[in-house]
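The residues making up each chain are set out below.
There are 2 protein chains.
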Amino acid sequence: MREDPERLEFEIEASDGAARTGRLVTSHGPVATPAFVPLATKATVRSLSSAEVAELGYELVLGNTYHLMLSPGAERIAALGGLHEFMGWDRAIVTDSGGFQVFSLAHGNVADEIKGRRGQKPGGDQGSVLEISEEGVRFRSHIDGAERFIGPEESMQVQAALGSDIALVFDECTPFHADRDYTARSTERTHRWLDRCLAWHDENGPRRQAVFGIVQGGVHPDLRERSAQRVSETAIDGIAIGGTLGRDKPEMYGVLDMTTPHLPVEAPKHLLGIGEPDDLIEGVARGIDSFDCAVPTRLARHGMALAPLPEDRFRFNVRNAAHAEAAEPLVDGCTCATCRSHTRAYVHYLARAEELTGVRLLTLHNLAYTESLVACARDAIRAGRFQRYREAILAGSPPWDA
Amino acid sequence: MREDPERLEFEIEASDGAARTGRLVTSHGPVATPAFVPLATKATVRSLSSAEVAELGYELVLGNTYHLMLSPGAERIAALGGLHEFMGWDRAIVTDSGGFQVFSLAHGNVADEIKGRRGQKPGGDQGSVLEISEEGVRFRSHIDGAERFIGPEESMQVQAALGSDIALVFDECTPFHADRDYTARSTERTHRWLDRCLAWHDENGPRRQAVFGIVQGGVHPDLRERSAQRVSETAIDGIAIGGTLGRDKPEMYGVLDMTTPHLPVEAPKHLLGIGEPDDLIEGVARGIDSFDCAVPTRLARHGMALAPLPEDRFRFNVRNAAHAEAAEPLVDGCTCATCRSHTRAYVHYLARAEELTGVRLLTLHNLAYTESLVACARDAIRAGRFQRYREAILAGSPPWDA
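If you read the protein sequences in the order shown, they are chains D and C. According to our numbering, the first sequence is numbered sequentially starting from 1. According to our numbering, the second sequence is numbered sequentially starting from 1001.
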């Protein structure tokens, strides 16, 4: 860890067990933690304008290096003033390294696997990996079929051109089906890539861009411990936890339990790709400070609304016939723009008719609901009642009553 | 014509030649005229929330009887409080009669033909017409294949259940390829249907719902004159001009010239399905008070932005490679939310990536641009300089400089 307030400051304001609340001060302003980070994969939180994302209370979004380097290209975004200027967002941005996406091309859709959905067909057009070596990954672009290369230096260079506030180091996201030996060797290579990322960034990176290291190690306690220590020893500004988190939620929480105790308390900790309501709460309980995840926005595109329904994975399908005549809002007591103005019956109708407005209303609700979950968690930690909050959420209370 | 201020008041505030500005006072508030009326075909202006449509300055939207009667059904919307309540819109609504859509099933896509694009494949799933008779039209629903019937009484009944502020009478929208004899007989039937609509509405219609008659007659001066007189003699609250308007814009303006002189000056006049920038200006010049059209919203879904480009039908394709690196807004000087915050290059990127946000940003721009066209026309009429405004727009001036 390094401490360099010009890049990033992390202030813990209150703790309650391992959970804590504070703020991450980036070169584009502060981010209250624990924070959920909406995906702006292609320089937009799907269906929303940047102003709306800010109105929802979000202070940090995640842009995808892989997608943006292929189209429109990092050079073009840099020429247009950087990613903040390009997408009209003046708050903080974290960029991932592209590692997750290129290795998903080789290993299958890791995100689905982590969530226990192995064997699903990957969505959309896929590129393919041509070669993985110590240098990096040669792959074929899913956009134009052109051969491309990304390694630690290339990833940091793209992220420097994008001008994100927080860059993530280039890593291999090891899949669950990789054996212990592969995972061990891959994790060591990820550590060497970490050193190369930091060396490149020290020399060439934007002065005010922070860099987060990534802990790998699969589901193996010794590999996770070793990775946690190895990453913590380097001159990073924060730590992300990546790779497979197991087959199911208990295993995911187990991986967190074998990792977080080996990380410096004072380090800001990000959990990659996780964001269902119970996972947010369990992550916060283990000292995680931020989370990014496609769940709220992706569910919206499939007609699903987040709701205090622990027995149904905290969601329901508004397209179900049961909601056709429902005059109540998506979630009683929810103060989001959708629930304030519209009935379930209306959202049901729009979602069935595949109207863009339906996706939008569900996206607004799901992101408001998720922000409410973390905002109320921050309050609960500050008030020393996080354990009660956690129990209430897991028992089916809406955040504002928990 | 009837005058019944409880249903509708129309106040002409200023005239300049045949052009005039005023307000239409409906049971859901006033509408400044000349007005453009965005389509809310399926109870939403595509990709926007009702609040956004109001923020754009619109006071009247058009809901489609055909679409809403098939799904979710007029009874359901009535049970949920009517169309205003259903879509969360507390300003005025006009509903069409469903005639245009069911006759399009029989005649082909009349809208395309009017615009000189005959022979295009109709978009989307199509139902089919089983029988056209004096009673009305038997057709097969494009949604579930069920046999349905709509005639004058059914149309008015649906519109009564929707609770629109202005209902349109059930008519046959005669296509351009119909011969004079067919058009004459069809127009007479439309007149008989007008009487049946008014009879049903007098007995059963909502007390505060206004009814507009529709002038037909194809491209035939004598039929248009006869229809204009016949419609004007009945107890309607306003007049819409429907049917084919010819093969091209000069013919369209010709059909207006053979129709409007035979309508009462004091009647509010709506031109159905027309809304390209030059057509709005030419319609206003001929005394038209309101227009509805899919153009601004449909163009947005195809990556097209409205702009002061008379030589290119007032539009350009933002997906063109020429815009990939353009740091300027869609239209210089435009104060819409999109142009204030985003470059052409960003909208280009989103439109090419088929991101919903791209459709949204273009919809916001196109509707803001169109509202600006009619708002500036209102100012020009009030100031007695409409002729100069018309020339400036047709010569390529943006509305705010014309």
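Each hint should be verified, as a subset may be incorrect.
[To be verified] Counterexamples of contact, computed for chain C against chain D with all Cβ distances above 10 Å:
no. : residue
1   : SER1015
2   : SER1049
3   : GLY1082
4   : GLY1088
5   : PHE1149
6   : ARG1189
7   : LEU1263
8   : VAL1265
9   : GLU1325
10  : ALA1345
11  : ARG1352
12  : GLU1355
[What the hints assert, rightly or not] A few chain D residues facing chain C, derived, Cβ under 8 Å:
no. : residue
13  : THR44
14  : SER49
15  : LEU70
16  : SER71
17  : ALA78
18  : GLY82
19  : MET87
20  : GLY88
21  : PHE316
22  : ASN317
23  : ALA345
24  : TYR346
25  : TYR349
26  : GLU355
27  : THR357
[What the hints assert, rightly or not] Stretches of chain C that chain D covers, calculated by requiring three or more beta carbons in the stretch to come under 8 Å of a beta carbon on chain D:
no. : region
28  : 1034–1044
29  : 1236–1243
In case anyone wonders, no lab produced these hints; they're calculated from the structure. Beta carbons are placed, not taken as given, at the ideal position from N, Cα and C, and that holds for glycine.
Q. Which of the listed hints are not met by the structure?
A. Failing hints, ascending: 2, 4, 9, 10, 11, 12, 15, 17, 18, 21, 22, 29.
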